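A.B. asks: Spelled out from the first residue to the last, the chains are:
Number of protein chains: 2
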Amino acid sequence: MKQLLTLLALFVIFNVSAQQTMSLKDAVLGASSYLKPKMPVQIKWKDDRHYVMVKENHLIAFNVQNNDSTDLISLSELNAALKEKGMKNAVLFPVFSFINESLIWFQTDNHLVIFNLDRKSVDSSFDYPEKAEHLDYNAVQGMLAYTIKNNLFVKGISVDQQITDDMEEHIINGAAVHRNEFGIEKGTFWSPKGHQLAFYHMDETMVGDYPLVDYMAREAKLVNIKYPMAGMTSHQVKLGIYNLDNKQTVYMKTGLPADHYLTNISWAPDEKTIFIAELNREQNDMKLNQYDASTGDLIKTVLEEKDSKYVEPVHPIVFSATNANRFYYQSRQDGWNHVYSCDMPDGKVTQITKGNWEVTELLGFDEGDKNLIFEATRENTLERQLYRINTHSGKTDRLTPDAGTHLGLLSPDKQNIIDRWTSTNVPGRVDLISSKGILLKTIAVAKNTLKDIDLGENTVFTIKADDGITDLNCRMIKPNNFDPSKKYPVIVYVYGGPHAQLVNKTWLNDARWWQYYMASKGYISFTLDNRGSDNRGREFENVTHRQLGVIETADQMKGIDYLKSLPYIDAARIGVHGWSFGGFMTLNLMLKHPETFKVGVAGGPVVDWSMYEVMYGERYMDTPEENPKGYENSNMLNYVDNLKGKLMLIHGVEDQTVVMQQSIQFLKKCIDLDKQVDFFVYPTHEHNVRGNDRLHLMEKVSNYFLDNL
Amino acid sequence: MKQLLTLLALFVIFNVSAQQTMSLKDAVLGASSYLKPKMPVQIKWKDDRHYVMVKENHLIAFNVQNNDSTDLISLSELNAALKEKGMKNAVLFPVFSFINESLIWFQTDNHLVIFNLDRKSVDSSFDYPEKAEHLDYNAVQGMLAYTIKNNLFVKGISVDQQITDDMEEHIINGAAVHRNEFGIEKGTFWSPKGHQLAFYHMDETMVGDYPLVDYMAREAKLVNIKYPMAGMTSHQVKLGIYNLDNKQTVYMKTGLPADHYLTNISWAPDEKTIFIAELNREQNDMKLNQYDASTGDLIKTVLEEKDSKYVEPVHPIVFSATNANRFYYQSRQDGWNHVYSCDMPDGKVTQITKGNWEVTELLGFDEGDKNLIFEATRENTLERQLYRINTHSGKTDRLTPDAGTHLGLLSPDKQNIIDRWTSTNVPGRVDLISSKGILLKTIAVAKNTLKDIDLGENTVFTIKADDGITDLNCRMIKPNNFDPSKKYPVIVYVYGGPHAQLVNKTWLNDARWWQYYMASKGYISFTLDNRGSDNRGREFENVTHRQLGVIETADQMKGIDYLKSLPYIDAARIGVHGWSFGGFMTLNLMLKHPETFKVGVAGGPVVDWSMYEVMYGERYMDTPEENPKGYENSNMLNYVDNLKGKLMLIHGVEDQTVVMQQSIQFLKKCIDLDKQVDFFVYPTHEHNVRGNDRLHLMEKVSNYFLDNL
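Residue numbers (my numbering), protein chains in the order written: chain L, -5 to 703; chain E, -5 to 703.
Don't take every hint at face value.
Any copy will do: because identical chains look the same in the list, a pair fits if it lies in one copy or spans two.
Stated by the list, open to error - Here are the simulated lysine to any residue pairs, SDA-like style, with alpha carbons at most 20 Å apart:
1) Lys694 x Asp672
2) Lys586 x Leu292
3) Lys180 x Lys241
4) Lys303 x Asp65
5) Lys472 x Lys638
6) Lys640 x Asp701
7) Lys187 x Val244
8) Lys558 x Met210
9) Lys215 x Glu680
10) Lys215 x Gln650
11) Lys232 x Lys266
12) Lys694 x Asp666
13) Lys640 x Asn697
14) Lys694 x Leu667
15) Lys180 x Tyr245
Derived by calculation from the structure, the hints in this document are not laboratory data.
As the structure is a computational prediction, the values presented were derived from the model and not from experiment.
Based on the provided sequences and hints, a complete structural model is requested.
C.D. replies: Right under this line is the structure:
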């Protein structure tokens, strides 16, 4: 209880000169646009001594050591130079990267431009097709990889090569595979010096067609997708390497069974070998395999990691800049995500970071790998602080003194860090600190865009999980003009699934602004990160294995117990809302605790995990054949009979993540059992309702609580 | 006003010993099952002197002239005889037809059985495949036509022939065509003596696939249908004639354009020629063409009917039993549906019935075509009475003295009529009358199953249409324990489209029992048959041509004016509900009169006629290309901006009549314009929610009014 009070005191947001409450439009649309705290963009390192940013359409360089600044180029100057080469104006300063101190490259329209900042003119440029997707530029060779439909191409100033020529549209080259699980975000991987291009090749022809319908066409139109469901035949992925010199593609001999996962591709610095974190379909055995890039032969398995539940590789290995035989990798093998080094060829592994906390980001090494600079949850699971650890002694220094969530960008010489951070009362701030943690200067401070808006009190605290041991992070937002002698209704906003953490010490404690809107309407908002959620270690997450929803729900109910213990809570008026896994959780809570929850809104909910996809589904649930009991227990169709409160399901008609059949089958079961339930769909929307339509969605959700809770 | 009061007095339903109100279950499920008035079934003529009926599983014959009855056979005796031949028990007495006084035929399981009633044994039988559909038996030859998938077959005791062998599944033989418009209910037509079988052959290959999705499958499954939309390429139909003797099929040379409509097939008595009412795709020119059945050659156009709006043939011609050169046909050519005779070969046409009323059914002729016995709206558009007209003098006698809705079955010798009828206070009654209209005896009287249920007062009356001239039939149901000094909310139940009449002098004035349920909850129910609805003549219907929804809505608003003139109506609480065309009307009323309607529930609504099918759509609206203004004016998407009240759309996910894209596009427009709207779907259901799920539906509809109106 002592800890709880301390946190309360620390995290309370004070509003002194409040005048108005938050409108729904402000909450839904303003948060990502006109009320978003304004910060300079494209803050990055130009060289050891200078960082740059784009401010009011000027690219400005700042000296690290003093307050000198140089206006490198304005957008209008840039556009004048583009015009000279017959290119169209850029509306915003293009997203660019430095090639060296003078040269940057960027894409504009369908031009790849190398631009000389000193001369304020285009150094060189080439075009690529308008329909090109999955652009991936290698600045060393000046080569752009891209795809057209399902095939892969490479282009440079004097190069124009087609790498694959698959006629079958369901064989896809150069795109992200495995439904973007395992940290996969792209499908092409340039070798360090740009002589070779590794790429994913995915064969989906053996996966059945899944029918989506475009209802907005004059006549509704079939749009087939490939959506392998848990336990069903899955796609097959290979890794090809295209050699730009001999124009040959070699496929790595990754073997069988072909429905394994090829993840976290890394090139060796010498470009001769490539590393793949290969995971079996069962997801309990990961081998880091090294292949000969020129023959595709397996050289050896460098590392192997097994787990009785699952192994989930999400970080590619990183080679040492000073020792080509050493790489660093991240693993949760000791229960927490930590950094290890591995020395080749003997495979000697050394754990670098250690403790009951997690490394969340590697910034880099200084002084020839002497120190590792990283981001972690070491202080507090709500925060992200930057640290520097001596890789030999293990001595660790915290570099960021301010509580909050820090994101660091190490300078090329590893001497300085641009520290972008927010905290409960800090909407946004950028500091320059030395890699020893000394504050050099404050680069930017965002204004509080909500200072004139009266916000309900926002507190973060912990309660015990259902195991009686684990602390769970909670956030509560009280209604405006809170009066502790009154009784208030509560809306639990829930996600609860893996890979997410809703309570964070970012600005406003990471609250969705909709919660402030509901606070202005007299509703308490409550959110709890149950076991199964992210950044709390392996066991905290995988305790839910083969039984999704069970422990998560038990933990959420501890939150309800806590709420009910408060004198100002109206226990007869508790509602719950969540989307995706949070929709699944909404159903769990509504159906397993019908006496507790009066109103629920489940968006894009998983209803039955056997209708969910292979990669995510089988990791947490195994297959329906292997775990029939678990699937049965987590199948919301089996709990419909308990439904008592008002429940609305909402689904995007084009949802390709949680397919709409999940909701439709739930409705059918409700109808079969004569249970009234409400439903709404968002045509044209996929798994999330984005853009302006989100205002309509949140008005619908809000009205449902306002009318029924 | 005088007339109104008279009708009030006549049609009021009195409830004396009322005890309880109608439950929703009684209203929705009871009406068609446990509360349905019990009547003997299969009442039909055995011979000139006897009629039969099935009563308590006994087939009983009754003598016309006295009260003698004969128990012909019981179900258990029948089953014993079936068992002897190795056939399964029938659960209910099979639906049968007389071949002669002793023999009947029926289908049971997949057996066609000819049964001897005298000997109480199977006379003969043969089997047909279990998957057979579209069964059509010709008793003269003992031949059964049926289809398997898209092909046509014939079977008899010693015959087993495949007539068509189309491999392409979208070429369909022997099934109803043209989406069952134009009175088409079947796809096979036996020649009178059974030597030839005419059949529809429909080629849908040129119509695009329309995607429906079966969301109840383990993985959602595509179910393509053919749904040609107004103005789009339509299917093509031919009429084949298969000769059982020479086993040859000849197609009638019906010519081009091939997307015309072949309707109302009739054989000449000599089997040598066949008649087709052929309608052009524009539906404004109908030719009755006579074809040579053996060659397919067009012999001649016997009749032609044109109309600037549309011609809608729905009754096949009927040949005289005494003069093979004369046939009778029905037409609305003088503005009302009347009977004409046509003498071949000179084509002389004589109008038989005449007047500002409509013939609704032909029963037959007596005394060698001297008299025509028919059913008509002559007395009153709310009623169906039986009449006998002297075809020479035109002298007309009414045969049924009792007000109500009569359905007659003429005896083989044309001397007697079984008169089945209901009326406002008569749940069901069967009389035997002579063909001169003399009541011979009362065969059966149904008990009032609702006598212990307290029903709101149900009145029928007329008001003037928006043209100030036409009388429109209305029905109002007042709440139980009506107190004229109080103010009540109203729910308008609407259909409003062609081919339907909601206010009828049948039992309870044809009220949906749901209206009594809502009456028990304190809601007035109101229904008006606007112009455009059925049985009121050509102009009453086709005044809506090219502008669906406009005049219908204006007439409905006259009903609203009337309601508002009543002291006991709460004009601030008016709701509207309808399905299909009634869903379209609900949208019209909600969106064109947002100040009037507070709550609406539109089921399976047409939103935009350009998304409706060719046959029905183009009849009333022409094509979108021909009538862009009309389509625009009737497109509910163009009125969404007016939405003010609470509106719910409901759609069957598998709706093949009004496709769900209609509702989905409406929702999209609501979202675009930030209008809140509610929605629900019934998975697995087509255009209507049937079976037990209907209770869920009507509970949802009821709740919407109870909660919001």
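A.B. asks: Next step is simple, just say for each hint if it's right about the structure.
C.D. replies: Results of checking the hints against the structure:
1. Lys694 x Asp672: Answer is both; intra-copy 11 Å and inter-copy 9 Å each pass.
2. Lys586 x Leu292: Classified as neither; 50 Å inside a copy, 72 Å across copies.
3. Lys180 x Lys241: neither (22 Å within a copy, 66 Å between copies)
4. Lys303 x Asp65: Intra 55 Å, inter 75 Å, cutoff 20 Å: neither.
5. Lys472 x Lys638: Result: close neither inside a copy nor across copies, 27 Å intra and 33 Å inter.
6. Lys640 x Asp701: both (10 Å within a copy, 13 Å between copies)
7. Lys187 x Val244: within (18 Å within a copy, 76 Å between copies)
8. Lys558 x Met210: Classified as neither: same-chain Cα gap 46 Å, cross-chain 40 Å, threshold 20 Å.
9. Lys215 x Glu680: both (16 Å within a copy, 19 Å between copies)
10. Lys215 x Gln650: both (16 Å within a copy, 15 Å between copies)
11. Lys232 x Lys266: Cα proximity of Lys232 and Lys266: one copy only (18 Å, versus 71 Å across).
12. Lys694 x Asp666: between (26 Å within a copy, 14 Å between copies)
13. Lys640 x Asn697: both (12 Å within a copy, 12 Å between copies)
14. Lys694 x Leu667: Only across copies: Lys694 and Leu667 sit 14 Å apart there, 26 Å inside one copy, limit 20 Å.
15. Lys180 x Tyr245: within (18 Å within a copy, 61 Å between copies)
Hints 2, 3, 4, 5 and 8, counting from the list given before, are not met by this structure.
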